[in-house]
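Protein chains: 2
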Amino acid sequence: MRFSQLVLGTIKEMRPLDSVNATLLQKAGFIHQTMAGVYTLLPLGLRVLTKIEMIVREEMDALGAEMLMPSLAPQSLWEQTGRLNEMDVLLEARGGNKASRAVNDTTYVLNSTHEEVITPIVRRFRPSYKDLPCAVYQIQTKFRNEPRPKSGLMRGREFRMKDLYSFHATEEDFKNFYEQAKEAYRRTFNRLGLGEITHEVLASGGSFTKEYSHEFDTVCEAGEDTIYLDEDNNVRYNKEVVPDEVRKKYKSYQAAEVGNIFALGTKYSQAFNYYVTDGQGRRQPVYMGSYGLGTTRVMGVLVEIFHDDQGIVWPLAVAPCAVHLLGLNLDNGSVRQRAEAVYEKLKKNNQDVLYDDRWQASAGEKFTEADLIGIPWRVVVSERTGKQVEVKRRGEDNVQMMKIEQLLACL
Amino acid sequence: MRFSQLVLGTIKEMRPLDSVNATLLQKAGFIHQTMAGVYTLLPLGLRVLTKIEMIVREEMDALGAEMLMPSLAPQSLWEQTGRLNEMDVLLEARGGNKASRAVNDTTYVLNSTHEEVITPIVRRFRPSYKDLPCAVYQIQTKFRNEPRPKSGLMRGREFRMKDLYSFHATEEDFKNFYEQAKEAYRRTFNRLGLGEITHEVLASGGSFTKEYSHEFDTVCEAGEDTIYLDEDNNVRYNKEVVPDEVRKKYKSYQAAEVGNIFALGTKYSQAFNYYVTDGQGRRQPVYMGSYGLGTTRVMGVLVEIFHDDQGIVWPLAVAPCAVHLLGLNLDNGSVRQRAEAVYEKLKKNNQDVLYDDRWQASAGEKFTEADLIGIPWRVVVSERTGKQVEVKRRGEDNVQMMKIEQLLACL
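Chains A and B, in that order, are what the protein sequence lines are.
If you use the working numbering, the first sequence corresponds to residues 1 to 411, in order.
If you use the working numbering, the second sequence corresponds to residues 1 to 411, in order.
Honestly, the hints are just simulated from the structure, not real lab data.
Take the hints with a grain of salt, since some may be wrong.
All copies of an identical chain are treated as equivalent in the list; a pair is satisfied when it fits inside any one copy or across any two copies.
[To be verified] List time: in silico BS3-like cross-link candidates among lysine-lysine, alpha-carbon distance up to 25 Å: (1) K130 / K12; (2) K366 / K130; (3) K182 / K249; (4) K267 / K387; (5) K348 / K403.
Please take these sequences and the hints and turn them into a complete structure.
In structure tokens:
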């Protein structure tokens, strides 16, 4: 990917915003704020999101099949579960053109979660206990009527999420699956580089269920959740479920919720009349679980964790590219030729490369931008590098000269 | 992918709907109608859409960088171009919960196209004529206040689209790019299996531009557009731009619009005050183009074209899987073992396989469903196939016995 052609660029002067991720992601050209809580993912940003979502997808494929539900739902589905006034959904989407509005004055809900959509679908295709268990998931744009969007990608009105739904003939089967889902979440956060600082936390079930839910919370100064750690029993609680008098016994810290899984019980299957007859001829509502993971929020949290004074320090697994190739002194034809050759060689070896091929930008600008963007390997070709390249890892000070073959062996 | 675990299944009894694609895609378990004009893509359907979008993505990457704009936009952006009352946009998305509505009564537009969102972004990052040309695209869910949704995936309220936008310092540069974009579209439709029956058609610019636009229309009985062919000059016109008295001179046929590209001129750059100063010091508005391609619509059109009385006949490039493996007589342990071995072997050889591993379903049901689903290679393992497999291509009558190695050589 050539900087000159493909990236929409960094921003030189910008006053700091309300959070590190909002500031760095916008300054480094990963996102652009289209309105409060609503962001455009610029090319570099979409690359990071795609890598995060690919990791999530690979881990979720072990649990169920991927599908894609719509953003719009008829209001009637949400009335059936009584959640229309419990949740901050966006609704009343209508026609803007008066003529068409007269024909189509349907009131839609913009889904913030999909229990109301998926339950009737699975009921239709899986009518018997023999057809269960069934689990499906999607990775999709969600909407929420967030009154106070803030903290960049961490709290928005439009965001991306993975949501998985599971359906079971017995509570025992559900419980087994729930534990499998937890394992899949742990593997996912490990691969995203957040494993060691992301913990299971008991939290409220909100409008989903009266049971506890399990959150996955990443230790993070900028996080909105206060977590209480019961060290004796090694159990963590979200502040919302800890009585005042118990709080002083526990250690507390700030964290960002990156996932949340719910034992839904039979609330939604009953609302949609999804019953199956078991082996003994008993008619029973289906047990359900719901498993969310915010992919754009993970992107924000990653930046909150992995940055320094110069900019972002992406873990390799989610970096927009593995290599940031800087061509300096490109007005010199032979340097340009060498830089192009290194670019082609890296591409031929299946490396993701961002190639800064701009003539006008100074070496200083390019170095500053490379630190800001935070790609793991910085590789320089200049008048001084001869037949070698200058290699530096983002976040380390050590600069090494090496042959391109040596570099390839490192990557 | 195992039928038993992963697919939401086919529908045995269904009355025909208003179009072939609506009927077959729903009957075969590719899509589910959540409301009029709003569909869920079930696992098989999402696989087809993903293959279509990957082909589109590969061809568009040659023109510009992929990004992802939001579905929500502030109404003010649409007021700036005066399109709010010209287009059937969905708007007035609001909070459902009264408390939150009091805080957040923002009126959003649900974008049906993104000129209003992209122009201010590119203006910010590409302020000088030296920064141009610039082209970016996205593949994304769109919304339209469609008063009469119909024909399955061909005319909906929520649908998927690829939209590309280009920005140029001169009209000449724009015109060159426009021709490149046409070439990319031709390559895309060729790869989708629609090349021979998809033609460039002169059409109205609608609310986008006063110029002609270029549509790409696929010859299709169920298509909504009437196309007039001027055989002498080998030029095709959409009915909307052909005067009555001229129509009788031309041949006409029905077609479905699968792409539409627009010379936007300087309408949007002027609306958003996007001017650049050229090499001679002249301040000029930027020239823009907009290039749409409906990916869910393509999926519907493919089914309209590629089907027979038994079901869908997917072209290999967009089929949900390459191979549909049917295990018959699976209550026989040695047959089951052979079927599983064939499944593993195919997967190990990187083949996409749908494995019908259900015990209950009869051979007849499995064959009928395989024809309905329309995967290109049907492979049977049963009590009668011994060390071989029975192979049949969808749409052909010839059934062949062969060793698995022979099959792998065919794929």
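Checklist entry - Which of the stated hints cannot be reconciled with the structure, identified by number in ascending sequence? => result 3 and 4
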